[in-house]
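*Asks:* With the hints as extra help, turn the sequences into a complete structure.
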Amino acid sequence: MGAVMGDPDPDLVDVRAAQVDHSAFGTLYRRYLDRVYGYCFYLLGDHHDAEDATERTFLAALAAIDRYRDQGSTFRAWLFRIAHNQLANALRARSRQRTAPLDAVMEPMAPGDPAAELVQAEEARTVRRAVALLAEDRRQVIVLRFVDGLSAREIGAVIGRSEGAVRVLQHRALRDLAALLARR
Amino acid sequence: MNPTPSVAERLDHAIGQVLGGASPAVASASAGLDLTTRPLIEVAEAVRGALPVLPASPGFEGRLDARLTGAVASRDALAWALRHPGRLIVTGAVGSAVGVGVTAYAVWRSSRRSAPHRFLGR
Numbered sequence: 001m002g003a004v005m006g007d008p009d010p011d012l013v014d015v016r017a018a019q020v021d022h023s024a025f026g027t028l029y030r031r032y033l034d035r036v037y038g039y040c041f042y043l044l045g046d047h048h049d050a051e052d053a054t055e056r057t058f059l060a061a062l063a064a065i066d067r068y069r070d071q072g073s074t075f076r077a078w079l080f081r082i083a084h085n086q087l088a089n090a091l092r093a094r095s096r097q098r099t100a101p102l103d104a105v106m107e108p109m110a111p112g113d114p115a116a117e118l119v120q121a122e123e124a125r126t127v128r129r130a131v132a133l134l135a136e137d138r139r140q141v142i143v144l145r146f147v148d149g150l151s152a153r154e155i156g157a158v159i160g161r162s163e164g165a166v167r168v169l170q171h172r173a174l175r176d177l178a179a180l181l182a183r184r
Numbered sequence: 001m002n003p004t005p006s007v008a009e010r011l012d013h014a015i016g017q018v019l020g021g022a023s024p025a026v027a028s029a030s031a032g033l034d035l036t037t038r039p040l041i042e043v044a045e046a047v048r049g050a051l052p053v054l055p056a057s058p059g060f061e062g063r064l065d066a067r068l069t070g071a072v073a074s075r076d077a078l079a080w081a082l083r084h085p086g087r088l089i090v091t092g093a094v095g096s097a098v099g100v101g102v103t104a105y106a107v108w109r110s111s112r113r114s115a116p117h118r119f120l121g122r
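Protein sequence lines correspond, in order, to chains A and B. Counted from 1, the first sequence has number 21 at position 21 by my numbering; the numbering is strictly sequential. Counted from 1, the second sequence has number 95 at position 95 by my numbering; the numbering is strictly sequential.
Just so you know, these hints were derived from the structure itself, not from any lab. Treat the hints with care, since some could be wrong.
As the list claims (entries may be wrong) - Here are the computed distance ranges between Cβ atoms for each label pair:
#: 1; chain 1: B; residue 1: Val107; chain 2: A; residue 2: Asn85; range: 49 to 57 Å
#: 2; chain 1: A; residue 1: Pro8; chain 2: B; residue 2: Val90; range: 41 to 49 Å
#: 3; chain 1: A; residue 1: Asn85; chain 2: B; residue 2: Ser96; range: 40 to 48 Å
#: 4; chain 1: B; residue 1: Arg63; chain 2: A; residue 2: Arg92; range: 24 to 32 Å
#: 5; chain 1: A; residue 1: Thr27; chain 2: B; residue 2: Val107; range: 47 to 55 Å
#: 6; chain 1: A; residue 1: Arg184; chain 2: B; residue 2: Val7; range: 24 to 32 Å
#: 7; chain 1: B; residue 1: Ser30; chain 2: A; residue 2: Ala17; range: 35 to 43 Å
#: 8; chain 1: A; residue 1: Asp113; chain 2: B; residue 2: Val53; range: 20 to 28 Å
#: 9; chain 1: B; residue 1: Pro52; chain 2: A; residue 2: Arg94; range: 18 to 26 Å
#: 10; chain 1: B; residue 1: Ser6; chain 2: A; residue 2: Thr126; range: 23 to 31 Å
#: 11; chain 1: B; residue 1: Val26; chain 2: A; residue 2: Asp21; range: 38 to 46 Å
#: 12; chain 1: A; residue 1: Arg94; chain 2: B; residue 2: Ala104; range: 55 to 63 Å
#: 13; chain 1: B; residue 1: Arg112; chain 2: A; residue 2: Ala63; range: 49 to 57 Å
#: 14; chain 1: B; residue 1: Gly99; chain 2: A; residue 2: Asp137; range: 53 to 61 Å
Note that the Cβ used here is the ideal one computed from N, Cα and C, for glycine as well.
*Replies:* Structural data, given as structure tokens:
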């Protein structure tokens, strides 16, 4: 993976520990399980497929953890790169993109006006449907940025694009979403 | 030096602020977004609310935890063997010798037991 300079890596101490004692990998696993799972789910649209891709990602990461080197890239970019490859395999095997829309997401219900909550939940569903209609590379950028909190540099390392290209994809994705949401 | 950030760079900066909890208005103003780009920050705010981090199910988490633990144990056993090839050879040799010994004893015992029957059958 190409060097990504400038992002401090908060996981480096735990990565070093896992390289010395593999049982310490559990710390990284628990830290990133939900995020990797979310990435897989939002791209595949199916809980079982997302679990399968998540499992493959962590088993592959454990198998390769000894080879991870701090070369300017962050551990999480490296981990999501593995997940990205697993997703590519899953999508190739499926030969079509999604079997289900992203409606299986549970809405976080805040205490308050039930009617307002229903409106909020419907709006969120509309946004997710619009995200599901994005081109795959744009959807990946949106999910990695908004769900997983990766920087443009890290996303570039994950999907194999430059930082500038990621920002352009992000811009275009939001423009597409604005157009899709305006049509509803 | 990059004197003028591009629209995409300014938008990225504003998105970072929205993800950090700033309001779209504050983020837009801080990033210096023009009027045509500001609506995209409203969209970014809507996306942030619509795509929560999804917790994996506890059952799946437990199963994967167990698989990783098993994978760690087998990796550690292999690593130990690779680090100590001499001990591995000795362990294998002792194991084989014990196996040969037990087999030889069993054959010897069975031959001792069946010997009187052969005499009786004469």
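*Asks:* List, from low to high, the hint numbers that the structure doesn't satisfy.
*Replies:* none
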